[in-house]
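S.K.: All chains, please: the whole structure from these sequences, using the hints.
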Amino acid sequence: MNAQFKRGIVELCIIKILSTKEMSTYEVLGIISKDLDVNENTVYPIIRRLTKEGILDVKKMVNGIGAPKKYYILTPKGFEKLESQEDEWNNFLSKVAKIMEGNYE
Amino acid sequence: MNKKDFISNLEDQLKVSSIVSSNVKEIVEDYKIMIDDALENGEEEQTVLNRLGRPSDIARTLSRHESKEKRSKSKFVALSPFIATIIFFVLGMYFDLWSISWMAFLLIPIAGLVTSHKHNLSILLPTIIFFILGFGYDLWHPGWLIFLSVPTLSDLFEGNSSIAKTIEGLSFFLIITAYMLIGFYYNIWHPTWVLFFLIPLFGVINERNSEKTMIALVAYLIIPLIYVYLEYINYSNYNYLIFIFTILGSINLKNISITLESKKDRMMVGYISIITILYIIFGLTYSIWHPTWLIFLTIPMFAMITFEKNIQFVAFTPFISVIIFFIWGHYFDGYHMAWLVFLLIPMAGILSDQ
Chain P
1 MNAQFKRGIV ELCIIKILST KEMSTYEVLG IISKDLDVNE NTVYPIIRRL TKEGILDVKK
61 MVNGIGAPKK YYILTPKGFE KLESQEDEWN NFLSKVAKIM EGNYE
Chain W
1 MNKKDFISNL EDQLKVSSIV SSNVKEIVED YKIMIDDALE NGEEEQTVLN RLGRPSDIAR
61 TLSRHESKEK RSKSKFVALS PFIATIIFFV LGMYFDLWSI SWMAFLLIPI AGLVTSHKHN
121 LSILLPTIIF FILGFGYDLW HPGWLIFLSV PTLSDLFEGN SSIAKTIEGL SFFLIITAYM
181 LIGFYYNIWH PTWVLFFLIP LFGVINERNS EKTMIALVAY LIIPLIYVYL EYINYSNYNY
241 LIFIFTILGS INLKNISITL ESKKDRMMVG YISIITILYI IFGLTYSIWH PTWLIFLTIP
301 MFAMITFEKN IQFVAFTPFI SVIIFFIWGH YFDGYHMAWL VFLLIPMAGI LSDQ
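If you're matching them up, the sequences are chains P and W in order. Position one of the first sequence corresponds to residue 1 (the working numbering), numbered consecutively onward. Position one of the second sequence corresponds to residue 1 (the working numbering), numbered consecutively onward.
To be clear, the hints were calculated from the coordinates, so they are not data collected in a lab. Among the clues, some could well be false.
As the list claims (entries may be wrong) - The calculated label-pair distances, taken between Cβ atoms and stated as ranges, are:
1. W/ILE320 x P/ASN103: 57 to 65 Å
2. W/LEU170 x P/VAL62: 53 to 61 Å
3. W/ILE7 x P/LYS21: 26 to 34 Å
4. P/SER19 x W/ILE305: 43 to 51 Å
5. P/PHE92 x W/ILE7: 37 to 45 Å
Claimed, not checked - Derived lysine-lysine pairs resembling BS3-like cross-links, with alpha carbons at most 27 Å apart:
6. P/LYS70 x W/LYS25
7. W/LYS32 x W/LYS3
8. P/LYS52 x W/LYS25
9. P/LYS60 x W/LYS75
10. P/LYS59 x W/LYS75
11. P/LYS95 x P/LYS70
12. W/LYS212 x P/LYS70
13. W/LYS25 x P/LYS69
14. W/LYS25 x P/LYS59
15. P/LYS70 x W/LYS68
16. W/LYS263 x P/LYS70
17. P/LYS98 x P/LYS77
18. P/LYS16 x P/LYS98
19. W/LYS264 x P/LYS60
20. P/LYS98 x P/LYS21
21. P/LYS34 x W/LYS25
22. W/LYS263 x P/LYS69
23. P/LYS69 x P/LYS52
24. P/LYS60 x W/LYS32
25. P/LYS69 x W/LYS32
26. P/LYS6 x W/LYS4
Every residue gets a Cβ at the ideal spot worked out from N, C-alpha and C, and that includes glycine.
M.R.: Below, the structure is given as C-alpha cells:
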C-alpha cells in the first residue's frame, strides 16, 4: 500500500480512537496494530503533528517515578475534522465498492 | 544496542537533523515513555528496539514536520577552516607567500565573531592560546592550527553538537594538525596524506554498527597502512591498486548487495564487467595501469545513481575527490597540493547539512 495513503488511513483511525477517550501513544498503537501493520514510528509522528495542528490536546500525568506520561484527547477542532473526514471516507468507500461490484457503467 | 544506547543515538541523530533543541528533548522524552510503556506491558527490550528500527530513520521521518535550527551562519563558521586551509596552501605553494599565508586562518575566528552573538568562548579560547604560543614561544606558525578547532568548540559550547559530531570535528582538527606538523617539520607530505582516510573511519565508528566498523577498519586503516608500507619499501609499481579494496569496502558500507534478480542488478553487473574489461585492455595495450584504475571509482557512483533515490552531490564527493587527486598528482606532479580536493567532502557535507 502507498505509504502516504496508509498514513492518511492511520491518521483517521487515530482521530477516531481518541474521540472516545484519552489515551497514551502506546495505547493507541495497541488498538491499531491489532488490525494494521503499524508501529510507534508510524503512530507517534502523526500524533505529534496532530497535536501541533490543534487537533489533539495533551495532558501530562505524573505517575510515580519517571517522566510524566502523556495522554491525548480530541479537541473541538479535532471533532470537526473527524466529522468531515468520516464523511469523506464513507463517500470514498461507497464509490470504490460501486466500482469493485462492477456498477460503473 | 540497549535502551540507553538507542535513546542516546536517537538524540544524536535528531541533533544532526538540525531539529530545534527543545523539540529534540521532547521527542527523546516521548520515545523513552513509549519504550517504558512497552516494557511495563511485558515486552522484551530487544523486541521493542527491533520494532523501532534505526534511530537515523526515525530522525529522518520526524524531521519532515519539525522546525529546524537556522544554520546558514553556522555553515559559514563550519566552512571557514576549509576555505582558510585552501587559501593558505595556494598562497604558500604557488606564490611562495608562506610568511603571510597563515593569516588566512584568521578568517576562522573572524567568521565566528561576525556570526556569533554569544558563546564567544569558542573563539576567545583558541585566540588566547594562539597569542600565548606566539608571544611566549614564537610559535605563530604552526600555532595558527589551533583556529581549526573553532567550529567544533563553538558547537560544543552551544550544546548543539552530538557526541558523534564532536568526535568527527575533533578528528578533523587532530588529523590536519598532525598532517601539517609532519609535513612542515619533516617535509614528508607524501604519503602522510593517507592520514585523511581516518576521517571517514571516525564517521563510520560513530554509527556503532560492528559490521560497518569492521569493513571501515580494513578499508580506511589496514589498506592505507599496507600502502604506506609498500611506499616505505619502495614497491610503488602497482601499490595504488590496493585502494580498489577500499573502493569495494566503501560499496559494502553503502549496503549495496547485488543478486541479479532485477534489471538494475543486471545493469550493475554489466557495468562492472565493462569497466574491468576496459581496465585490462588499457593496461595490457598501453601499460597504463595507474591511473587507469580510477575508472573503478565510477562503479560505486553508477551503483548509487542506479539504486538510490534522491541522491545528493555529497555522496559522490569521496569518489570525485580521489579521481581529481590522482589525476592532479600524477599528470601535474602535484600530490603535495592535490590532497586539498579531499576538503571537498566535508565542505559538500556541511552545505547539504549531512
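S.K.: The structure should be examined with respect to each hint, and the outcome stated for every one.
M.R.: Status of each hint after checking the structure:
{"no.": "1", "hint": "W/ILE320 x P/ASN103: 57 to 65 Å", "result": "59 Å, holds"}
{"no.": "2", "hint": "W/LEU170 x P/VAL62: 53 to 61 Å", "result": "40 Å, violated"}
{"no.": "3", "hint": "W/ILE7 x P/LYS21: 26 to 34 Å", "result": "29 Å, holds"}
{"no.": "4", "hint": "P/SER19 x W/ILE305: 43 to 51 Å", "result": "47 Å, holds"}
{"no.": "5", "hint": "P/PHE92 x W/ILE7: 37 to 45 Å", "result": "40 Å, holds"}
{"no.": "6", "hint": "P/LYS70 x W/LYS25", "result": "15 Å, holds"}
{"no.": "7", "hint": "W/LYS32 x W/LYS3", "result": "8 Å, holds"}
{"no.": "8", "hint": "P/LYS52 x W/LYS25", "result": "16 Å, holds"}
{"no.": "9", "hint": "P/LYS60 x W/LYS75", "result": "37 Å, violated"}
{"no.": "10", "hint": "P/LYS59 x W/LYS75", "result": "38 Å, violated"}
{"no.": "11", "hint": "P/LYS95 x P/LYS70", "result": "38 Å, violated"}
{"no.": "12", "hint": "W/LYS212 x P/LYS70", "result": "37 Å, violated"}
{"no.": "13", "hint": "W/LYS25 x P/LYS69", "result": "15 Å, holds"}
{"no.": "14", "hint": "W/LYS25 x P/LYS59", "result": "18 Å, holds"}
{"no.": "15", "hint": "P/LYS70 x W/LYS68", "result": "24 Å, holds"}
{"no.": "16", "hint": "W/LYS263 x P/LYS70", "result": "48 Å, violated"}
{"no.": "17", "hint": "P/LYS98 x P/LYS77", "result": "32 Å, violated"}
{"no.": "18", "hint": "P/LYS16 x P/LYS98", "result": "25 Å, holds"}
{"no.": "19", "hint": "W/LYS264 x P/LYS60", "result": "51 Å, violated"}
{"no.": "20", "hint": "P/LYS98 x P/LYS21", "result": "34 Å, violated"}
{"no.": "21", "hint": "P/LYS34 x W/LYS25", "result": "30 Å, violated"}
{"no.": "22", "hint": "W/LYS263 x P/LYS69", "result": "50 Å, violated"}
{"no.": "23", "hint": "P/LYS69 x P/LYS52", "result": "18 Å, holds"}
{"no.": "24", "hint": "P/LYS60 x W/LYS32", "result": "15 Å, holds"}
{"no.": "25", "hint": "P/LYS69 x W/LYS32", "result": "10 Å, holds"}
{"no.": "26", "hint": "P/LYS6 x W/LYS4", "result": "31 Å, violated"}
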